[in-house]
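Participant: The residues making up each chain are set out below.
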Amino acid sequence: MKLLVAVKRVVDYNVNVRSKSDGTGPDIANAKMSMNPFDEVAIEEAVRLKEAGKATEIVAVSMGLKACEETIRTAMAMGADRGILVETDAQLQPLAVAKVLKALVAKEQPQAVLLGKQAIDDDCNQTGQMLAALLGWAQGTFLSKLEVGDGKAIVIREVDGGLETDEIKLPAVLTVDLRLNEPRFVKLPNIMKAKKKPLEVIKPADLGVDVDPRLAYSNFRDPPKRQAGIKVKTVAELVEKLKNEAKVI
Amino acid sequence: MSVLVIAEHDNASIKKATLNTVTAAGKIGGDIHILVAGKDCDGAAQTAAKVAGVSKVLVADAPQYNHELAENIAPLVAKLAAGYSHVLAPATTMCKNFMPRVAALLDVAQISEIIAVESADTFVRPIYAGNVLVTAKSSDPIKVITVRGTSFDAAPAEGGSAAVEAVDPTPEAGLSSYVSQELTKSERPELTAARIVVSGGRALGSYEEFHKQLEPLADKLGAAIGATRAAVDAGYAPNDYQVGQTGKVVAPELYIGIGLSGAIQHLAGMKDSKVIVAINKDEEAPIFQVSDYGLVADLFTAVPELTKAI
Ligand SMILES: Cc1cc2nc3c(=O)[nH]c(=O)nc-3n(C[C@H](O)[C@H](O)[C@H](O)COP(=O)(O)OP(=O)(O)OC[C@H]3O[C@@H](n4cnc5c(N)ncnc54)[C@H](O)[C@@H]3O)c2cc1C
Ligand SMILES: Nc1ncnc2c1ncn2[C@@H]1O[C@H](COP(=O)(O)O)[C@@H](O)[C@H]1O
Chain H
1 MKLLVAVKRV VDYNVNVRSK SDGTGPDIAN AKMSMNPFDE VAIEEAVRLK EAGKATEIVA
61 VSMGLKACEE TIRTAMAMGA DRGILVETDA QLQPLAVAKV LKALVAKEQP QAVLLGKQAI
121 DDDCNQTGQM LAALLGWAQG TFLSKLEVGD GKAIVIREVD GGLETDEIKL PAVLTVDLRL
181 NEPRFVKLPN IMKAKKKPLE VIKPADLGVD VDPRLAYSNF RDPPKRQAGI KVKTVAELVE
241 KLKNEAKVI
Chain L
1 MSVLVIAEHD NASIKKATLN TVTAAGKIGG DIHILVAGKD CDGAAQTAAK VAGVSKVLVA
61 DAPQYNHELA ENIAPLVAKL AAGYSHVLAP ATTMCKNFMP RVAALLDVAQ ISEIIAVESA
121 DTFVRPIYAG NVLVTAKSSD PIKVITVRGT SFDAAPAEGG SAAVEAVDPT PEAGLSSYVS
181 QELTKSERPE LTAARIVVSG GRALGSYEEF HKQLEPLADK LGAAIGATRA AVDAGYAPND
241 YQVGQTGKVV APELYIGIGL SGAIQHLAGM KDSKVIVAIN KDEEAPIFQV SDYGLVADLF
301 TAVPELTKAI
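Sequence order for the protein chains is H and L.
With the numbering used here as the guide, the letters of the first sequence map in order to residues 1 to 249.
With the numbering used here as the guide, the letters of the second sequence map in order to residues 1 to 310.
One chain only, chain H, in its complex shape (with noise of 0.2 Å):
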């Protein structure tokens, strides 16, 4: 089966975003971009699958400018197959990204599409589900587990209480958590193979999709600070504070 996987170019997990003084956006101009943390897990199944024998081709997409390319690159430098980029300046919403999805899946026609549960910079938890409305398919989300058989997955997913098994039919969309699997480290050969891999780049327009966004973001800012608290020597002076300063025991 054929596989599309939905990569998002982000600031990379370990940078601490603060607003701009002006309160336009995020302060990122300069910040160190990744792979969404969420989407190199959904590679990572999907070259599994592949490996497994279970999937025959993956597309990785990712919609946004030019520099997503690189995104694509590290996708087929993990076994992604091909690429294509979905190229705009367009402050992409989930609904509208969902659309250019829906699409995508129209023109490829796959079996499945894996994306994040959730991407880390607009921290929506969306897409996938949104997608899923969009073709009218079965949803798997937050998946810490799948299982790929004939006509349907069995996925187990992460919920409030634990874990909870579903049977979905396929085609599908999934949605993928963090402890689904580990990814793997790109090697450099990989890397030099990637480079060759096809990249196709298309506009919005060209799906016929539009990309405006529904929601206006204004007044960035960063939280309220907490007022830095002391240092307690001993786990007495701890117990003292808690009872008669903080009087929360």
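Please keep in mind that the hints were generated in silico from the structure rather than gathered at the bench.
The structure presented is a predicted model; accordingly, all values stated were derived computationally and were not measured.
Glycine included, C-beta positions come from ideal geometry on N, C-alpha and C.
A hint or two may mislead.
Unchecked claim - Partial pick of chain L residues on the chain H-facing surface, computed with a CB cut under 8 Å:
| # | residue |
| --- | --- |
| 1 | 74 |
| 2 | 104 |
| 3 | 109 |
| 4 | 112 |
| 5 | 128 |
| 6 | 137 |
| 7 | 177 |
| 8 | 179 |
| 9 | 182 |
| 10 | 221 |
| 11 | 233 |
| 12 | 254 |
| 13 | 264 |
| 14 | 296 |
| 15 | 305 |
Following the hints, position chain L with the ligands against chain H.
Facilitator: This is chain L with the ligands only, laid out in the frame that chain H set:
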């Protein structure tokens, strides 16, 4: 203007996160209705009807709503949404699973995990693991919103007397089915609702030590137990203990972080706690920057001592 709140419930009664969401709905204004969708969920509907400020409870009681599969519940909510200006649900894994599906069926954006209501169309939400707050203004005809429970007080569970009304179920989608669940059993308070949370990190070193060190302390304090992703990944604790950007968000009166460094992603889930205590042997650990009381010590001596002292 009228707001439909989707209840998080277990068929027998509604969960506390629903009450926080009702408070958020109250800040928007207009009538507040609650939808209880489930199977044999009359108990939940009756508890929803008592919530202060709620004027109507809609009940969709049908086998296809058991376990809240997104493919079945989203069309129901999308159909009912036509009569409302806002649809709100708690930002729990159950609602995060189907609410974006509702939004897409309605061709509207979802506003995820709001922490404040500025007006009927303008909300505040955290991005970048809570390092940045942003104001989001929606121009969509129906606002689909998930609500961070820790940012809104719980509405009183008693005092209301809403009318309970059955609604016609939508058909079984035939796309997915529930197989089983493995729920963590615990006598302790629920993590997101607990007054005190004791959390452990990688430094606990093993499943045995995690439980041996933290349980007696949590028992004495009547606390819930949380964990970092590192501790969960290492198998010291189940996944539903994880606090953080991609786990649960907690804001208890007292949060005690033990043997955890305070990574950005962990802070995202606990830095709104009222009082934060950190026990870490490294005085440079970032957790101390957000702690009210920091104790630089080896946890394996400090924790037993603390347990004894309280
Ligand atoms: C996309 C993404 C999402 C993530 N989401 C989350 C999330 O939701 N929640 C989360 O927690 N993490 C999350 N993480 C992981 C996060 O980045 C950190 O790796 C993790 O929080 C570290 O866990 P820790 O503090 O237990 O371990 P460490 O960072 O290894 O810290 C261990 C601490 O214990 C101290 N210590 C060691 N021995 C002792 C001792 N004997 N006594 C006292 N102190 C001792 C050390 O000084 C150190 O500070 C995420 C990461 C990514 C990439
Ligand atoms: N611009 C994008 N390009 C590629 N994939 C994306 C993009 N935006 C979102 N996604 C995918 O959707 C997932 C969830 O994103 P979100 O709903 O924004 O939290 C991500 O983990 C990606 O797999």
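Participant: Each hint: holds or not?
Facilitator: Here is what the structure says about each hint:
no., hint, in the structure
1, 74, "6 Å, holds"
2, 104, "4 Å, holds"
3, 109, "4 Å, holds"
4, 112, "5 Å, holds"
5, 128, "4 Å, holds"
6, 137, "5 Å, holds"
7, 177, "5 Å, holds"
8, 179, "4 Å, holds"
9, 182, "5 Å, holds"
10, 221, "6 Å, holds"
11, 233, "7 Å, holds"
12, 254, "4 Å, holds"
13, 264, "6 Å, holds"
14, 296, "6 Å, holds"
15, 305, "4 Å, holds"
Every hint, counting from the list given before, is met by this structure.
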